[in-house]
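S.K.: Spelled out from the first residue to the last, the chains are:
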Amino acid sequence: MSKSTESLSTPMARVRGLGAAKSGTGHFWLTRLTAVANVPLTIAFVVIVLMLAKADYAAAMKIVGHPVAGILLLLFVGSATVHMRLGMQVIIEDYVHSEGTKIVLLMLNTFFAVFVGLASAYAILKVGFGG
Amino acid sequence: MARTGPAERPLSPHLQIYKPSITMVMSILHRITGAALFVGTLLLVIFLVALASGKTSFGTVQAIYGSFLGKLVLFGYTWALFQHMCGGIRHFIWDTGAGLERETRLKLGWATLIGSLVLTALAWIVYFLG
Chain A
1 MSKSTESLST PMARVRGLGA AKSGTGHFWL TRLTAVANVP LTIAFVVIVL MLAKADYAAA
61 MKIVGHPVAG ILLLLFVGSA TVHMRLGMQV IIEDYVHSEG TKIVLLMLNT FFAVFVGLAS
121 AYAILKVGFG G
Chain B
1001 MARTGPAERP LSPHLQIYKP SITMVMSILH RITGAALFVG TLLLVIFLVA LASGKTSFGT
1061 VQAIYGSFLG KLVLFGYTWA LFQHMCGGIR HFIWDTGAGL ERETRLKLGW ATLIGSLVLT
1121 ALAWIVYFLG
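First to last, the sequence lines map onto chains A and B. Anchor point for the first sequence: position 73 equals 73 in the numbering used here, and the numbering is continuous, going up by one each time. Anchor point for the second sequence: position 115 equals 1115 in the numbering used here, and the numbering is continuous, going up by one each time.
Hints are not guaranteed to be accurate.
Claimed, not checked - In silico DSSO-like links for lysine-lysine, alpha-carbon gap of 30 Å or less:
| no. | chain 1 | residue 1 | chain 2 | residue 2 |
| --- | --- | --- | --- | --- |
| 1 | A | Lys54 | B | Lys1055 |
| 2 | B | Lys1107 | A | Lys62 |
| 3 | B | Lys1071 | B | Lys1055 |
| 4 | B | Lys1019 | B | Lys1107 |
| 5 | A | Lys126 | B | Lys1055 |
| 6 | A | Lys62 | A | Lys102 |
| 7 | B | Lys1071 | A | Lys54 |
| 8 | A | Lys62 | B | Lys1019 |
| 9 | A | Lys126 | A | Lys54 |
| 10 | B | Lys1071 | A | Lys126 |
Unchecked claim - Simulated restraints on C-beta separations:
| no. | chain 1 | residue 1 | chain 2 | residue 2 | range |
| --- | --- | --- | --- | --- | --- |
| 11 | B | Pro1013 | A | Phe129 | 40 to 48 Å |
| 12 | B | Leu1011 | A | Ala55 | 16 to 24 Å |
| 13 | B | Val1126 | A | Leu18 | 29 to 37 Å |
| 14 | A | Val36 | B | Gly1059 | 18 to 26 Å |
| 15 | B | Ser1067 | A | Gly24 | 44 to 52 Å |
| 16 | A | Tyr95 | B | Val1126 | 34 to 42 Å |
Quick caveat, the hints were computed from the structure, so don't treat them as lab data. Backbone N, C-alpha and C define an ideal beta-carbon position, used for all residues, glycine too.
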């Protein structure tokens, strides 16, 4: 505690952000927020997939091209990719202890989530706006 | 005193030391299905990009997904999706501070598993009948 006289910052301020996650409740909250959204969106997703299961090309274009299906798919992809990025981040932080490997994997995790999200969104919008 | 690496501290006991309980198994499955779903999103991307690319690529993907092996993977994906969803609902209940008593905890674990199996069966019954 002797060092506290050398700095104006409190002991709490000096340790804040120094845990494995480097941050506070933002991660926890965003995980819950997207999890709540994922419940109805997952059910909608499964219903859309079941409609697509036996569809030929023309039928599939019509189903995904419908605004309601397209919007629900976009919401699902958006919420799911944010959620899965957060989840995989925790898995990496739990099991990868080498700092360098950890940082590389965390970057790849984000790249993968952004790729999945944007590639899906591009495809859904392209189909929706007329193939 | 100048140590570079982390201190050699004893590690707490991990999975293998405990007798498996439904709570523990559901917790492990939650993480495994989460990781599987992470990879599984590629199935969705491939399907959507193929559809957006045209009739030929869509036909190829639809044939692969409709094959026996494709259906098997999609069946696993369906269960992982519902298992993770039911596991998530269990966590929502715990987040409120409820359901942590022994009896309730065990019931929630079984409800998670039964719920995911029922929903998976339901989806595939709809598929085969539809």
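S.K.: Would you mind marking each hint as holding or not holding in the structure?
M.R.: Hint check:
no.: 1; hint: A:Lys54 - B:Lys1055; in the structure: 15 Å, holds
no.: 2; hint: B:Lys1107 - A:Lys62; in the structure: 43 Å, violated
no.: 3; hint: B:Lys1071 - B:Lys1055; in the structure: 21 Å, holds
no.: 4; hint: B:Lys1019 - B:Lys1107; in the structure: 18 Å, holds
no.: 5; hint: A:Lys126 - B:Lys1055; in the structure: 14 Å, holds
no.: 6; hint: A:Lys62 - A:Lys102; in the structure: 43 Å, violated
no.: 7; hint: B:Lys1071 - A:Lys54; in the structure: 12 Å, holds
no.: 8; hint: A:Lys62 - B:Lys1019; in the structure: 52 Å, violated
no.: 9; hint: A:Lys126 - A:Lys54; in the structure: 21 Å, holds
no.: 10; hint: B:Lys1071 - A:Lys126; in the structure: 27 Å, holds
no.: 11; hint: B:Pro1013 - A:Phe129: 40 to 48 Å; in the structure: 56 Å, violated
no.: 12; hint: B:Leu1011 - A:Ala55: 16 to 24 Å; in the structure: 52 Å, violated
no.: 13; hint: B:Val1126 - A:Leu18: 29 to 37 Å; in the structure: 51 Å, violated
no.: 14; hint: A:Val36 - B:Gly1059: 18 to 26 Å; in the structure: 38 Å, violated
no.: 15; hint: B:Ser1067 - A:Gly24: 44 to 52 Å; in the structure: 47 Å, holds
no.: 16; hint: A:Tyr95 - B:Val1126: 34 to 42 Å; in the structure: 37 Å, holds
Hint violations for this structure: numbers 2, 6, 8, 11, 12, 13, 14, all remaining hints satisfied.
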